[in-house]
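A.B. asks: Next come the chains, spelled out residue by residue.
2 protein chains.
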Amino acid sequence: MFHLIFAESALELVPDEIRGHPAVRNQAQRSGKRPTEDILDGTFHHSAMKRLDNWEQRGRPDIIHMSLLVSQGSILNREGHLRTYIHTINNELIEVDPKTRLPRNLERFKGLISKLLLEGELKGRTEEAGTELLKLTKLMTIEKILEKIAPDKVYALDDRQTIMTFKKVLRSDGLGPKDLEKMNIALIVGAFPHGEFKINLSKLASKVFSIYGDTLELWTVVSNILIDAERALGLSGSD
Amino acid sequence: MFHLIFAESALELVPDEIRGHPAVRNQAQRSGKRPTEDILDGTFHHSAMKRLDNWEQRGRPDIIHMSLLVSQGSILNREGHLRTYIHTINNELIEVDPKTRLPRNLERFKGLISKLLLEGELKGRTEEAGTELLKLTKLMTIEKILEKIAPDKVYALDDRQTIMTFKKVLRSDGLGPKDLEKMNIALIVGAFPHGEFKINLSKLASKVFSIYGDTLELWTVVSNILIDAERALGLSGSD
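Going down the list, the protein sequences come from chains L and X. Using this note's numbering, read the first sequence as starting at 1 and increasing by one per residue. Using this note's numbering, read the second sequence as starting at 1 and increasing by one per residue.
Treat the hints with care, as some may be off.
Chain copies aren't distinguished; within one or between two, either way the pair holds.
Derived pair list, reagent style DSS-like, types lysine-lysine, alpha-carbon separation capped at 25 angstroms [stated by the list, open to error]:
{"id": "1", "residue 1": "K33", "residue 2": "K198"}
{"id": "2", "residue 1": "K182", "residue 2": "K207"}
{"id": "3", "residue 1": "K203", "residue 2": "K167"}
{"id": "4", "residue 1": "K33", "residue 2": "K123"}
{"id": "5", "residue 1": "K138", "residue 2": "K198"}
{"id": "6", "residue 1": "K144", "residue 2": "K198"}
{"id": "7", "residue 1": "K167", "residue 2": "K178"}
{"id": "8", "residue 1": "K99", "residue 2": "K123"}
{"id": "9", "residue 1": "K168", "residue 2": "K178"}
{"id": "10", "residue 1": "K123", "residue 2": "K203"}
Think of the hints as simulated: they come from the structure by calculation, not from any bench.
Work out the full structure: start from the sequences and follow the hints.
C.D. replies: Written as structure tokens, this is what we have:
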């Protein structure tokens, strides 16, 4: 099984300290919500966000939305080999059920996440009744998430590391299709727009690598990685 | 060069025949536009759309939006090996400049396309002044688009065909990295939600194939194909 961890995701409710700001109040009014029920979003809250610590790494729900659409729609997920975790900037964990079909519309996705962060769970209409489409656990650091998954191998992606395909990373650890069928492999990617990880990747992962010599959109990174995992497992047509 | 053609894309202005429908009028009012300046979108116009011919293949701007974000962000495009064309259900051609950074927000994307369809061009702020970010040409069938591109090879993707990776398709035609550097390869994918192509793919393409045994999201197909093209060209880390 592959475990994809979106780390330090720029996904949170509007923090208390800016709920009175005009940009926040106006946007809440438009969406018919209280300010602190809204998801922080730079598209609407830019002027208010500048008051926040570390604001350039926050308020980008579109990054995680697009990347989740890519991961949930992947052949790796369709074939049952992927588990997806969102770790947020506030150390929450959101587990995404492989069968969850997320709204393609960002505003609806934000509505869903807002409900989840306020209420703690979202049960839904998948085949099995009572499945939690999205499950929230608070106070979960990356370390705790890794303890929970207990993977055999942990890899991480970051900028300015040795450039390798994920396929090559797996092969350099001697991992072939049969190993991958049995093993739990975790991969950490950052889901924030700018800057550096706060966590110490090289302490958590046995290998930190890049797939390209420049910054890519997160969804480009994710599709690249997942397709390599599919190919390594022999799922999506052998070469 | 790879030429990606999104065929029969479900992208159009609200057609005259439903401009008076309450669902259309309400949505136009909300966005401060005249009904016929709005992009047809099943999310908002569902009840009105049922009056249209062929309605199940129409009104899905989100499909082309997501897929363009994937193609524009791809390593193949970043490395200058991709040209992207949108053929619409109304036989318009929209050429997307490789440097165009599209809005991540669907509503803003729809605004841009509406402006383009009404005014015919969108010049913009890329490095070279005067570059057309998106260029519209009317009365362009797929046949005419292929005449304009004049590719050496045309391939197409469709459901229920032989399952092959794009890499394998290229290899089965004896095409290696050096050939691909020099050749123009066109690939046709359908950018509509349901049903069959109206064009006759097997007349236009030398090979029609599938990459998976079931329906996939278009963006999953696109990333799969583009990553194979990158790998075939030796761009994104050799195996």
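A.B. asks: Give a verdict on every hint.
C.D. replies: Consistency of the hints with the structure:
1. K33 to K198: neither (32 angstroms within a copy, 45 angstroms between copies)
2. K182 to K207: within (20 angstroms within a copy, 37 angstroms between copies)
3. K203 to K167: Intra 22 angstroms, inter 37 angstroms, cutoff 25 angstroms: intra-copy only.
4. K33 to K123: Within one copy, since 22 angstroms is at most 25 angstroms while 37 angstroms is not.
5. K138 to K198: within (18 angstroms within a copy, 51 angstroms between copies)
6. K144 to K198: within (15 angstroms within a copy, 53 angstroms between copies)
7. K167 to K178: Answer is both: 14 angstroms inside a copy and 23 angstroms across each meet the 25 angstroms cutoff.
8. K99 to K123: within (12 angstroms within a copy, 42 angstroms between copies)
9. K168 to K178: Both. Shortest intra-copy (16 angstroms) and inter-copy (23 angstroms) distances satisfy the 25 angstroms Cα cut-off.
10. K123 to K203: The answer is neither: 36 angstroms in one copy and 48 angstroms across copies each exceed 25 angstroms.
Hint compliance for this structure: hints 1 and 10 are broken, all remaining hints hold.
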